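Chains as they are written, first to last, in this note's numbering: chain A, 1 to 373; chain B, 374 to 507.
In case anyone wonders, no lab produced these hints; they're calculated from the structure. Fair warning: this is a prediction, and the values are worked out from it, not measured in the lab. Just so you know, not all the hints are guaranteed correct.
Lysine to aspartate or glutamate pairs mimicking DMTMM-like chemistry, simulated, CA-CA at most 25 Å apart [stated by the list, open to error]:
no.: 1; chain 1: B; residue 1: K375; chain 2: B; residue 2: D421
no.: 2; chain 1: B; residue 1: K459; chain 2: A; residue 2: E150
no.: 3; chain 1: B; residue 1: K459; chain 2: A; residue 2: E308
no.: 4; chain 1: B; residue 1: K459; chain 2: A; residue 2: E153
no.: 5; chain 1: A; residue 1: K338; chain 2: B; residue 2: E390
no.: 6; chain 1: B; residue 1: K459; chain 2: B; residue 2: E495
no.: 7; chain 1: A; residue 1: K316; chain 2: A; residue 2: D265
no.: 8; chain 1: A; residue 1: K289; chain 2: A; residue 2: E78
no.: 9; chain 1: A; residue 1: K189; chain 2: B; residue 2: E495
no.: 10; chain 1: A; residue 1: K338; chain 2: B; residue 2: D432
no.: 11; chain 1: A; residue 1: K338; chain 2: A; residue 2: E290
no.: 12; chain 1: A; residue 1: K127; chain 2: B; residue 2: D432
no.: 13; chain 1: A; residue 1: K127; chain 2: B; residue 2: E390
Short, incomplete list of chain B residues facing chain A, as computed with Cβ under 10 Å [as the list claims (entries may be wrong)]:
no.: 14; residue: L454
no.: 15; residue: A455
no.: 16; residue: S478
no.: 17; residue: G481
C-beta atoms are modelled at their ideal positions from N, C-alpha and C, and glycine is treated no differently.
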Amino acid sequence: MPGVLSPEDAVRLDAFHEMIHEQTQVFAGYPVTANFDYHDLFRFLDYPLNNIGDPFDPCTYHLHTREFEREVLDWFAELQAAPEGDWWGYVTNGGTEGNLYGLYLARELYPNGMVYFSQDTHYSVSKNLRLLRMPHIMIKSQPTGEMDLEDLEESIRIHRDVPPIIFANIGTTMREGVDDIPAIQEMLKNLAIPQSYIHADAALCGMTLPFIDGAPEFNFSTGIQSMSISGHKLIGSPLPCGVVLALKPHVDRIARSIEYVGTLDTTITGSRNAITPLMLWYAIRQRGKEGFRAIVAECLACAEYAVEQLNAIGVKAWRNPHAITVVLPKPSSFVLDKWQLAVQEEIAHIMVMPHVDRDRIDRIVADIAANPV
Amino acid sequence: MKLISIVTQSRAGVTAEIAALLGENDINIESLDAEEANGTDVVTLSVDHYNRALQVLRDAGWNAVSEDAMLIRVRDEPGALARVAKQFLDAGITVHSIRIVQRGSDWGVIAVSADPIEKARELVTDNLLAESGE
């Protein structure tokens, strides 16, 4: 029999709901979308759904959404030019898990490999590398956030006795810089490196760049081995989620390594969220590629508007080409707190996600003008 | 005793700011040392609430180095970190991580986690800035 919440707890929940609703009207600093509506799916919250194990394997537990999950993966695989019939993936708890998975595959393939990642890489990558106990070297970043290829080349040259595992950022955290994967591949070829692995962290830009003409290349057609994309960023979800895609032979290697437990369990976690694949499926079916193309175009237009409005009041704001991240000098603590803007040293950024429209930008700019540092 | 090292661009009032921040958060500083090199300040301190101090410093945007790591000054040129790693590897020292903490115009500060740490320190004595750890 379901229990009954105490009146005090009920009041507390109501107050919390009100606070969250208010705060959602004034956030602009994190790469998450507030524009989504999954009411159609709420009925599924009544059931103990669980996408346990590999999404492509049969399961004796019937309460799952694996069919929808596979359709989501098919959609992303096509979007990211994954080789037909030679890829694998699953819906994750978010980008960190997807990156952990990619690095895990790399480690199993090249146990003595050296990981290279840029100074602008998300902090979770260091955490993942410690979890996996993989040796690593940080590479300098350029002011745009992109990896410094001269530093990478020299570093790989010094350590050419071990396979390089390159953690490429497709949209760095603070500046949305994109590491040049074709240039990295050319470098590896010129250095005559026989074995290498590239994982692409495309948490945000995995869902923006494919819809922008002339955007940097980064998908499987560039020769990467794995990729992680977030679902709660541009697509939007009340629950953090993501997708990891990888070349199938690498996944098969780790599947064989755990065969002794009687299952080819290839995912990081056993029990897995079954609602988030449903949400991603719903969003993809509702909008389709053309819908996302229109959303991304509007975000880009608003990002350019934000740069113009900030420059007009004397704030040196800028953005990378194809980016929806607007970088600016750190504003006052009032502005940082009210608009929940992320900070790194002396810069902050405004993430022009689908819910950050021109009206919200105008209010942010007005607050910055009225509250100087 | 675990030490925390904070790396920042040289400017007036750094230690006062750090002390004020920790004081506001009821964290006592037990020892504090500061040195400046090539436009970079390195403040090394011990506190009574280590983990909380780290959290407070990082939340406030300071580059606080916590692990058993050495802070080394290196020239800001291509392959600088890789050369340090090679130096350690050639000496039979396991390098767990090397990361950039601060970059200046010609020099940078990196944090190196290596094992055995004593042997690693001997290799880079001339460029050692500060070290944290027991």
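Next item on the list: Go through the numbered hints given earlier and state which of them the structure violates, listing their numbers in rising order.
Entry: 3, 7, 9, 11, 13, 16
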